[in-house]
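**Student:** Listed below, chain by chain, are the residues.
Protein chains: 6
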Amino acid sequence: MSNPVEEFNAYRAKMNDKMMADNNKIVKRIFNLDTNAFAEGALSKQTKEVLGLGNSLVLRCDDCVKYHLEECYKLGMNKAEVVEAMSVSLLIGGTIVIPHLRRAYEYWEALEQNKS
Amino acid sequence: MSNPVEEFNAYRAKMNDKMMADNNKIVKRIFNLDTNAFAEGALSKQTKEVLGLGNSLVLRCDDCVKYHLEECYKLGMNKAEVVEAMSVSLLIGGTIVIPHLRRAYEYWEALEQNKS
Amino acid sequence: MSNPVEEFNAYRAKMNDKMMADNNKIVKRIFNLDTNAFAEGALSKQTKEVLGLGNSLVLRCDDCVKYHLEECYKLGMNKAEVVEAMSVSLLIGGTIVIPHLRRAYEYWEALEQNKS
Amino acid sequence: MSNPVEEFNAYRAKMNDKMMADNNKIVKRIFNLDTNAFAEGALSKQTKEVLGLGNSLVLRCDDCVKYHLEECYKLGMNKAEVVEAMSVSLLIGGTIVIPHLRRAYEYWEALEQNKS
Amino acid sequence: MSNPVEEFNAYRAKMNDKMMADNNKIVKRIFNLDTNAFAEGALSKQTKEVLGLGNSLVLRCDDCVKYHLEECYKLGMNKAEVVEAMSVSLLIGGTIVIPHLRRAYEYWEALEQNKS
Amino acid sequence: MSNPVEEFNAYRAKMNDKMMADNNKIVKRIFNLDTNAFAEGALSKQTKEVLGLGNSLVLRCDDCVKYHLEECYKLGMNKAEVVEAMSVSLLIGGTIVIPHLRRAYEYWEALEQNKS
Chain D
1 MSNPVEEFNA YRAKMNDKMM ADNNKIVKRI FNLDTNAFAE GALSKQTKEV
51 LGLGNSLVLR CDDCVKYHLE ECYKLGMNKA EVVEAMSVSL LIGGTIVIPH
101 LRRAYEYWEA LEQNKS
Chain R
1 MSNPVEEFNA YRAKMNDKMM ADNNKIVKRI FNLDTNAFAE GALSKQTKEV
51 LGLGNSLVLR CDDCVKYHLE ECYKLGMNKA EVVEAMSVSL LIGGTIVIPH
101 LRRAYEYWEA LEQNKS
Chain V
1 MSNPVEEFNA YRAKMNDKMM ADNNKIVKRI FNLDTNAFAE GALSKQTKEV
51 LGLGNSLVLR CDDCVKYHLE ECYKLGMNKA EVVEAMSVSL LIGGTIVIPH
101 LRRAYEYWEA LEQNKS
Chain F
1 MSNPVEEFNA YRAKMNDKMM ADNNKIVKRI FNLDTNAFAE GALSKQTKEV
51 LGLGNSLVLR CDDCVKYHLE ECYKLGMNKA EVVEAMSVSL LIGGTIVIPH
101 LRRAYEYWEA LEQNKS
Chain P
1 MSNPVEEFNA YRAKMNDKMM ADNNKIVKRI FNLDTNAFAE GALSKQTKEV
51 LGLGNSLVLR CDDCVKYHLE ECYKLGMNKA EVVEAMSVSL LIGGTIVIPH
101 LRRAYEYWEA LEQNKS
Chain H
1 MSNPVEEFNA YRAKMNDKMM ADNNKIVKRI FNLDTNAFAE GALSKQTKEV
51 LGLGNSLVLR CDDCVKYHLE ECYKLGMNKA EVVEAMSVSL LIGGTIVIPH
101 LRRAYEYWEA LEQNKS
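Chains as they are written, first to last, in UniProt numbering: chain D, 1 to 116; chain R, 1 to 116; chain V, 1 to 116; chain F, 1 to 116; chain P, 1 to 116; chain H, 1 to 116.
A few of these clues could be false.
Said to hold, decoys possible - As a list, the in silico DSSO-like pairs of lysine-lysine whose alpha-carbon atoms are at most 27 Å apart:
no., chain 1, residue 1, chain 2, residue 2
1, R, K45, D, K74
2, V, K79, P, K115
3, F, K14, F, K45
4, R, K25, V, K79
5, R, K79, H, K18
6, D, K45, H, K74
7, R, K14, R, K74
8, V, K79, P, K79
9, F, K18, H, K28
10, P, K14, V, K79
11, V, K28, D, K79
12, F, K79, R, K18
It should be emphasised that the hints constitute simulated quantities derived from the structure, not laboratory data. Remember, predicted model here, so these are calculated numbers, not experimental data.
Could you put the whole structure together from the sequences, leaning on the hints where they help?
**Tutor:** Okay, structure coming up:
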């Protein structure tokens, strides 16, 4: 039986490995920066993940939304917090964001079911 | 002598008044939602303003960036916090964001000078 | 046998219900505004649906395009009218719109086959 | 005294002439298509201009918005119609569109003052 | 067994035929320009395909990326060249481009396997 | 008398200095990567600058377009080459790119006049 969370992460990991194996300096450094950028700093890790989620939502990138939803979930954020953040991004990004919000809700549900 | 903060706010207020005077229901409700969306809720007002700033930066809207920078400033955020948030958005949004980051730095400076 | 029109609408309705059940004020009001925005007003409902279709196409949102195509279809617009509107948006939005235009054509065909 | 409508059109005309003088085939044909695309066809010229205005607004191009506002104005559309179209695009495009809406209001006012 | 390259091209060809059959003048001319734009000229065909690939990547259009990857592949470009071009676009477009880069790597692999 | 090329570069240099002085790690590394990305590699520096120009044009960033136009100019590219590259990006990015193309033409002219 398919598990959307596992599927997403497996594909992501497999392709990231291939990209890293390639040794292109720019690609590797961007990936490295990506890890650094979301570490605790002047702002909390949670604030940064909310920011990453919101930025991904207004830029309408489903995979990026999934990734940050999962990080928010792992940090213990509850659904009300995540939905509130996404509602701000819906307002800023407009109704064009709605289809991505549907898929975000679906993935959040998958995260909750995956855990149980 | 021109003051960029006052100029920005004066133009914004003048045009917002004209839009509100127009009584278009959709426009008025969107403006009303805009106020609600950034109120304290499941997330703090500050987290939401950081989110608003980041969303505006990756969508590359200078006026929106200015508005949220000013809100962050009024909430007492320091430059390190604001720059860290913007650095995450620079990474997500790419180097295409750099010219907007320049103008954001310039406006933050104007906010600091305006106060003193 | 799968029916793309029914599938699209079933998923859309299911997820919209979940979002509405959530009682986030911003999300609910945006959905409510969405209904109001496309009602007959200073402009005809058809003009507004053409506008919704075009905006969705240049913003390259396949699900939004499908939704407005279906509304245009229900309002009795013919293919020549819909294609002409989409051709304007193709020109404004550029060839990057072409893959979305392919899927729009496919969905229009599904709408016509669904009816018969 | 500066006239924003005349200034905009003078710059636009001057630079378009330079681009046409350059004889790049793709550029010339795109410009030519641009004229054709907004001619009366299966849809009325007015519907197409509303579409052009809305597409320009959600893509957040101030100069394109100005151009289509002027075309709508010349076709005799009233402010209520134009504002209603823009309100739909504000909803679809989100609050990130607001600064562009401010400038659109300002230009519409300039169009009205230019005439009198 | 499914072949991603053949599937992509079959769908693309089928839908392009339907669009051409429709005789909308704007759509046909845009398609015609598309062919002309990538012909050898002041710049080499390869430079133009690299440009088409990069533009598609920062605009985040998977189908457009696939199309230009295939053209680059047919022109004999090697993986290092293609990856370097994509790394520049990743930097300009930001980490929001990463999911599209994953799918680009996957398609390049499919192109190599398809040949053998 | 104002010189658009000098003005642009002076502002750019001044603000870049302020950003670098700030010691945010992500910002500094992105700036550093930006320099690396356009160095000679598997692709020529010129091909990469054409790519940078095109990416900036379809993402509609005037300052980025100016920067890459100047780099192309310094590499000795002629106007026909630069215009051809921009015409491909106009086609991919659509007529929404036209106002940015006007400003690109204007800046190219300024580059030529600045030299003489």
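**Student:** Next, verify each hint and record whether it holds.
**Tutor:** Going through the hints against the structure:
1. Restraint check for R:K45 and D:K74: the C-alpha separation of about 23 Å stays at or below 27 Å, so the hint holds.
2. Restraint check: the Cα-Cα separation between V:K79 and P:K115 comes to about 40 Å, which exceeds 27 Å; the hinted pair is violated.
3. A hinted pair counts as satisfied when its Cα atoms are at most 27 Å apart, and F:K14 with F:K45 qualifies at roughly 26 Å.
4. Pair hint R:K25 plus V:K79 does not hold up; C-alpha atoms about 32 Å apart against a cutoff of 27 Å.
5. For the suggested pair R:K79 and H:K18, the alpha carbons sit about 13 Å apart, so the restraint of at most 27 Å is met.
6. Between D:K45 and H:K74 the CA atoms are separated by roughly 43 Å; this puts the pair beyond 27 Å, and the hint is violated.
7. Note on R:K14 and R:K74: the hinted pairing holds, with a Cα-Cα distance of about 21 Å set against a maximum of 27 Å.
8. A hinted pair counts as satisfied when its Cα atoms are at most 27 Å apart, and V:K79 with P:K79 does not qualify at roughly 43 Å.
9. Annotation: proposed proximity of F:K18 to H:K28 is violated, straight-line Cα distance about 39 Å (limit 27 Å).
10. As the CA atoms of P:K14 and V:K79 are separated by approximately 18 Å, the hinted pair is consistent with the 27 Å bound.
11. For the given pair, V:K28 sits about 16 Å from D:K79 by alpha-carbon distance, which is consistent with the 27 Å threshold.
12. Our distance criterion of 27 Å between C-alpha atoms is met by F:K79 and R:K18, whose separation comes to about 13 Å.
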